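**Student:** Quick mapping for you: the protein sequence lines, in order, are chains A and B. Those letters in the first sequence? Residues 0 to 109, per numbering that gives the first Met the number 0, in order. Those letters in the second sequence? Residues 0 to 308, per numbering that gives the first Met the number 0, in order.
FYI, nobody ran anything at the bench for these hints, they're computed from the structure. Please read these numbers as outputs of a predicted model, since none were measured by experiment. Check each hint, because a few of them may be wrong.
Unchecked claim - No farther apart than 30 Å at their CA atoms in a straight line, the calculated lysine-lysine pairs in the DSS-like style are these: (1) B:K233 / B:K198; (2) B:K190 / B:K153; (3) B:K190 / B:K233; (4) B:K121 / B:K147; (5) B:K233 / B:K121; (6) A:K44 / B:K121; (7) B:K233 / A:K44; (8) A:K44 / B:K147; (9) A:K24 / B:K233; (10) B:K189 / B:K153; (11) A:K44 / B:K154; (12) B:K121 / B:K153; (13) B:K154 / B:K190; (14) B:K189 / B:K121; (15) B:K190 / B:K147.
What the hints assert, rightly or not - The following residues of chain B were derived to be distant from chain A, with all beta-carbon distances above 12 Å: (16) N1; (17) N31; (18) Q135; (19) L167; (20) P175; (21) P181; (22) V182; (23) E188; (24) F191; (25) E222; (26) D257.
Just so it is clear, CB atoms sit at the ideal spot from N, CA and C, and this is done for glycine as well.
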Amino acid sequence: MNTYYDPRDLARFAEIGEDAPEVAKRFFDYYQAVFAEGELTEREKALIALAVAHAVQCPYCIDAYTTACLEKGSNRAEMTEAIHVACAIRGGASLVHGVQMRNICRKVSL
Amino acid sequence: MNSFLRNLAVHRLQLTRERATTLQVNVGRLCNLACRHCHVDAGPARNEVMDRQTMEAVIDFARRNSFAVIDITGGAPELVPGIAYLLDQAAALAPTVMMRSNLLALAERSADNIPELCRRRKITIVASFPSTNRGQTEAQRGSGVWEKSIAMRKKLNEAGYGVPGTGLNLFLVSNPAGAFLPVDQCAAEKKFRADLARKWGIRFTGLFTFANMPLGRFKIWLEQSGNYAPYMEKLAASFNPATVAGLMCRSLINVSWDGCLYDCDFNMAAGLPYSGSPVHISEVPEAGEGIPVATGDHCLACTAGAGFT
Ligand code: SF4
């Protein structure tokens, strides 16, 4: 292997349960329940997952939720807008910390 | 044994013909478009179209059997010379007659009154609409298609198509714009209905979501783009035995532009004839029951997930 990420590893996710089956089972059951249709549709949940996948920059999740979004009926424009939401929140989160910088500046400056 | 039959065997299932209630007529490979997912490889350069004599044999066959549905497909049926004769005759022989259309060809045939004939004979129009996104639609169907197809949909609405109470049905068909599975039909219909009404004021009767068949031009694209093996694996992994009882090939008989019979349009594209060897519609009094359906690997697209036929 000459990279840290191998697309084939995504299909091996369940192996994570081999040395800790109880917690893995709980995690995967929970995961399944989270993505089931509820107040939000499966399509909407997949779009949120796609946006979060970009925020946490997980290539496995980006791969899985790009296909999931398409198969749940989102189009490319909607998926692109979802990523912009992630980008705006990530960028905004950095920028809003600038207020802290300004507070500290003010405190230590003449 | 193909991979579809292997899946049937694992689940101890068989696929045999029952009474045919739908006659599907593929009137030819001529089309004004050359969509990249087309399983019959239709296009403007194709000249295989059904002639009048074959149309008469089809009408005789429909008269001998009583079909609930006659489904006219292509290529673009509107472009076939003599299509008005076939539509008119068919409309008198089955309670439901439908014509598949890419809508651009229908717009081109406005001057010849094909849309008016469809309206008068209450022929259901089944129109392709892969995505509510222009880029994805045009990636599948060709550039410049979007505006014209939206305009034709509005015209059909104005003529009463897709409007409740008129008896004029306009169904939309959405095939995935790529190597992935189709959206759940109910969820997609809800979303298309809301999006089309909000953005373009378009109404329609219902939506079908169909998987792309690994045949014809789509198969070539799958192979060239390195998607063939993963797509076939995905179809096989999504095999749903519950879909087998409702597969359309049990109750549909397909006749191609040259009069030969098939269990479905996909088998026609794959060259797998009804009953195992080529037979002309004029030689068969009625579609037989209990005959095994001819199958291939492509059948896995009919049984993936919720299935679609
Ligand atoms: S491709 Fe045709 S024969 Fe095969 S399962 Fe689908 S409808 Fe039946």
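**Student:** According to the definition I'm using, a residue is off the interface if its beta carbon is farther than 12 Å from all beta carbons of the partner; does N1 (chain B) meet that for chain A?
**Tutor:** It holds; N1 (chain B) is separated from chain A by about 24 Å at its closest Cβ, greater than 12 Å.
**Student:** Is it true that the CA of K189 (chain B) sits at most 30 Å from the CA of K121 (chain B)?
**Tutor:** Between K189 (chain B) and K121 (chain B) the Cα gap is close to 25 Å, so the pair holds against 30 Å.
**Student:** Quick one, are K44 (chain A) and K154 (chain B) close enough, alpha carbons at most 30 Å?
**Tutor:** violated (36 Å)
**Student:** Is the nearest Cβ of chain A still more than 12 Å from the Cβ of Q135 (chain B)?
**Tutor:** Non-interface label fails for Q135 (chain B): nearest chain A Cβ at 6 Å, not farther than 12 Å.
**Student:** Report holds if the minimum CB distance from L167 (chain B) to chain A is greater than 12 Å, and violated otherwise.
**Tutor:** Check passes; 26 Å lies beyond 12 Å.
**Student:** Would the hint linking K233 (chain B) and K121 (chain B) be met if the CA-CA limit is 30 Å?
**Tutor:** violated (39 Å)
**Student:** Take a quick look at E188 (chain B) and tell me if its Cβ sits farther than 12 Å from every Cβ on chain A, holds or violated.
**Tutor:** violated (10 Å)
**Student:** Holds or violated: K233 (chain B) and K44 (chain A), Cα atoms, limit 30 Å.
**Tutor:** holds (22 Å)
**Student:** Need the status of pair K44 (chain A), K147 (chain B): alpha-carbon distance at most 30 Å?
**Tutor:** Given that 30 Å is the threshold and the Cα spacing comes to 34 Å, the pair is violated.
**Student:** Does K153 (chain B) lie within 30 Å of K189 (chain B) when you go C-alpha to C-alpha?
**Tutor:** The hint holds at about 19 Å.
**Student:** Taking the minimum C-beta separation from P181 (chain B) to chain A, is that value above 12 Å?
**Tutor:** violated (7 Å)
**Student:** Is it correct that the beta-carbon of D257 (chain B) has no partner in chain A closer than or equal to 12 Å?
**Tutor:** About 37 Å separates D257 (chain B) from the closest Cβ of chain A, which puts it past 12 Å; holds.
In terms of the numbered hints stated before, the structure departs from hints 1, 5, 6, 8, 11, 18, 20, 21, 22, 23, 24, listed from lowest to highest.
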